[in-house]
Every structure is written in C-alpha cells, then in structure tokens.
Amino acid sequence: MSFDPAEHLRRQRDQIARHRFVNWTLSVHTRVDIDVTEADRYLEESGLARLEPPVTREHLWLCAAARVIRARPLFNAAYDGFRKLEPREDIHLRVSLAGPRGLGQGIIPHADRLDPAGMARALEEARARAVDPWVVESPPRRRAGRLGRLLDELIEVASDYAPHLEDALGVDPGREAGTFDVVNAGAYGAEDLHLVVLRPAVAALVVMQPREDVVRGPRGPEVRVRVPMAVPFCHKVMDTDAAGYFLFHLQELLEDPAAGLLRPVPPAEARP
Amino acid sequence: MSAGPVDLEHADGAYLTRDDAPLAARLDARLDAVAGLRYQHLSPAANLHMSVRLEALARFRDGRDPRPGLSACLARAAALALEDDPLFACLFDGRARLVRAERPALGISVDTGDAARFVVLPEALGLGLDALDARIREAAARFRSEAGPSFRASPPGPAPRGAHRRRLARILSQEARERFGYLLPGALEARLAAYVAGQGHFAIHNLGPLRVDEFKGFLRRPAVAGLWALTAQARVVRGADGRFAEERRLPLVLVYSQDLAPMDRACAFLQGIVRRLEQPAALAGGAA
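As they're listed, the protein sequences go chains L and C. Numbered according to our numbering, the first sequence spans residues 1 to 272. Numbered according to our numbering, the second sequence spans residues 1 to 288.
One thing to keep in mind: the hints can contain errors.
Unchecked claim - Covered stretches of chain C (chain L as the covering partner; in silico rule of three or more C-beta atoms under 8 Å from a C-beta of chain L): (1) 46–54; (2) 98–110; (3) 173–185; (4) 205–216.
Calculated from the structure, these hints are not laboratory results. Note that the structure is predicted; figures quoted are calculated from it, not measured. Yeah, the Cβ is synthetic: ideal placement off N, Cα and C, and Gly gets one too.
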C-alpha cells in the first residue's frame, strides 16, 4: 500500500485537533448483546424487507435509538465538559455509512420522526451526502509553527487545570454535525469497539457484528441472533444505570418492533 | 509499609520509609512510563475486538517441526498486515510529526514466568515464522536466566538525606522533556528512538498464558497501535451442515489511536491479521 505520512497527517489534521485530551470525556463502555431474532422475523413477516429500499435491522435500531433518545433527552445534550449542559430539542443522528469509497459519515435529521420505511429512505439520502470520516464540520483552531504549538499547549494546560477560564482563553473544542453518533462498527467486522467520546457529545451508540448464540429452547438447542450494542458515555454527566436503561429500552423496542417503532413521533410543536 | 524506624528529620512534606525507598527506586526506573501516563501523552485509544477461529491454526502449528508458538504466529501475521498498512507501525508525536518506519520493529512481550519483558525484533518484517519463533524462544530463555528485579533491595535504615527531593527533581525534568521536548532540535528523534528500542514500532502482547479473558488498554504516544491476544474461548456454534459443534476462538484486541486511524481502516488492519491466522498458509515465507 502506498502511504504518505505527511499526506495522512494533513488529512487527519482536524480529527487530531478534535481529539486533544481536553476534549476527552471519561468514557465508560456499557454493552448489551441484544436479541434481534424477533426483529428479523418481524421484518420478513411484515413485508418491510421487500420494500424499496428494503428495511433492514439497521433501520430498526436507528429508529429505536432515536425514540430512546426522545424519551431520554440527556443523551442528546451538549456538554462543555465542565458545568454547562445544554439540552437539544432536535435529534439529528450522525451515522457511519459503509460505501464503495470506504467509511463515510452522514446526518439523518429529525430521526425520531421517521418510521422504519422513512428511516431506510433517509439513510439512502444520507449516504448520497456522506462526508469522509476525517471531516470535522467545526474544527478547533490550531496555531501553526513551534511557537503556535507552545501557545496552544500552554492554553491547553491552563484550561485543564482551570476549565472555568476556557471562554476567557478563547478555547474552542470544535464539534461535528449532528447531535448523537451511531457507529455501525459491525459492518466492518468489529465484535466490540470501545470509543472515546468527545465533548460536546455525552454518549454514542456503537453497534457490533451480529453473532449466533446456541441456547436451550423448549424443543432442544436453538439459535438466537444477537447484536452487541454499546453505549460509551461521559461519566461526569451520567452513571452506568442511565446507559443501562438506554440499552434496556432499545432492547424492548427491538423485541417488539410493531408495538413501538411503526408510528413516527410527531414534531415538538404538534405534540400535546 | 514498614513499622520500622522512620527518620522524620529528613522529612520534606512526605517521607520515605525503609520500604518506600526500593519502591521509589523501582518507580524511578520507570520514570518514562510514569511521565508518559499523563493524559497529555496518551493517545485517545479505541479498543477494537475481533476473534480468530483456531482450528486451522492449530492444525498448521501441529504440522510443523518445531511447532511454532502462538506469539510467533501473531508476530508473523502482524508483520504481513503492517506491510499492507504501514500507518499502524508509524510513530506520532501527538500533533505535527508522523514518522513512518523504514524497517518497522516488532516488540513482542515474552512471558518470563513472573513478569513480561519485551524482545524487540528490528528486522521482523523480513523474518519467516521459524526464525521469529526461534528469536522469541531464545529471548524467553535469556530473560528467564537473568535475575529479576528485587523489590526489597535497599539497605536497612532511613532513606538517604534529600532522596525525596532528588526524585521529585528527576520526575519534573522528565515531565518537562516530555512536554516541551519538541522545542529542542533532535529531542523528539531521541525520544522516538528510545521508544523503539524499548517496545518497537508495533507491540504485541500475548496474555493467553495468563488466562486473561477481557482487556481494555491505553496507548502511550508515540505508538499508533498495539495488539493484545487474550485466552482462547470455546463456544457452541451451528456448523454449515446444521449440526452443533464446539468452536475455539482467540480474542484479539487492537488498541489504536482514534484521531489518526479511521474505524474502517483499523478494522481492515485487524481483519488482515485475523484472516492470516485463519488461513495460516499465508504465514509461510520470509527469511529463515
């Protein structure tokens, strides 16, 4: 493989700036292996899998995630890493997309208002507008040269020890588009993936490769399909039980998609 | 902590007891590691898990004489994957320097019975499986014959006068070198060279002999990635013929710098290792 470190560094420049240690959150990894056997059966029996574009497991879990976020708005908040937690009404999922050119990132606006068929269409539209994985929509500023680096690092140290001075120091942590990240690592064969969550995000959903588990059934051994799903979250903002309830709620929706996913959630102004 | 006599006359904020002194000496010997474990010097490390079906690899190893160790197979698979994607054998200063190794060195942790030590193979990418295996076995034998560090090696009595201050000064100077070394010409190169001498460009840790089932790792700059193998797991699966059978899998964890490597690239790199271990004929080749 031809590999040019200088070119790679130039391309990843904004990602490197976004991943400065002052932007890391205390990312705790909580994972549940969610049984999707019933969801798969539902897709076949309901005819959703034969629509165009076909509805898949991925569309169901995206719908489910958006509904759980609607019910638990803390997961959609923006956090400055210190003392400002800003709720956000609109749920715009930032999703990873596998395409012919490799990994891309797309936005599904107002994801909680979509039913599975609408999600399938929205995902295709997001795929058409996807950006490269190294793109940061609002990258933090970095100064050039050795002296610029020294100044950046001194400011970083100062804001590390005295985060209340960040505004005065002109620190800009940067941010990506979207309000909540959903990473489909399973599309690339990942069996588990622990990510570092960067502020202002407070959490993300990481979906792994499905696997078949043999379990004892009423008529002997049977195979259940499980998809490991993880919520890495900022420990300053929430505790493990919050992530646990998020995944538990997600599991409930995927166990009975007909009950919870078919009706779109109306926009806020239309809600009673 | 010792209940023995403590020389409070020499106290400067805190005091070193007779038993603290060897502990401090041990920490001093690891100053690089201690300073390197500050957040500023850690990578934003993502932990990526995949597993290897072991049946083909077990048959392959059983069919060779001498039977190669698992660490050698991991090293050979990683070396071939690094040829495909050299990013994971680069060194990164955290900001502006990404250095590609001309001849990436593999660091392989070797079980010495009571602790792990690194053998660094500068020419690992050109070595065949048998040669890698021989070097790893030779290093393990050498490490085991050498005396391990003694924890209670200090002479009895209070710590020498000023030991605490001297130690603090060394830690601060190390910290200053870590943080501002890039301002001095040649300092970064010296740091990278010291890192390569200690751990290589890409480190492989086989935790299988310790029966480790689960692992989450950090990554110190300047490394871009490292590989950990855990203990093999058995599970029941449904085979292609519909029958249920036991399958043994080897969990692998790639810890990589999330800012430098996009997820799909890290997955492709780890899949390259998994594929070679599942189709071990690919491990043949290389210099004897």
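Outcome of the hint check:
With a cut-off of 8 Å between beta carbons, the region 46–54 of chain C has 6 residues touching chain L; three or more are needed, and the interface restraint holds. Under the rule that three or more residues need a Cβ within less than 8 Å of chain L, the assignment of the region 98–110 of chain C holds, with 3 such residues. Note: the region 173–185 of chain C has 4 residues with beta-carbon separation from chain L under 8 Å; the three-residue rule is met and the coverage holds. Counting residues of the region 205–216 of chain C whose CB lies closer than 8 Å to any CB of chain L gives 1, so the stated coverage by that chain is violated, three being the minimum.
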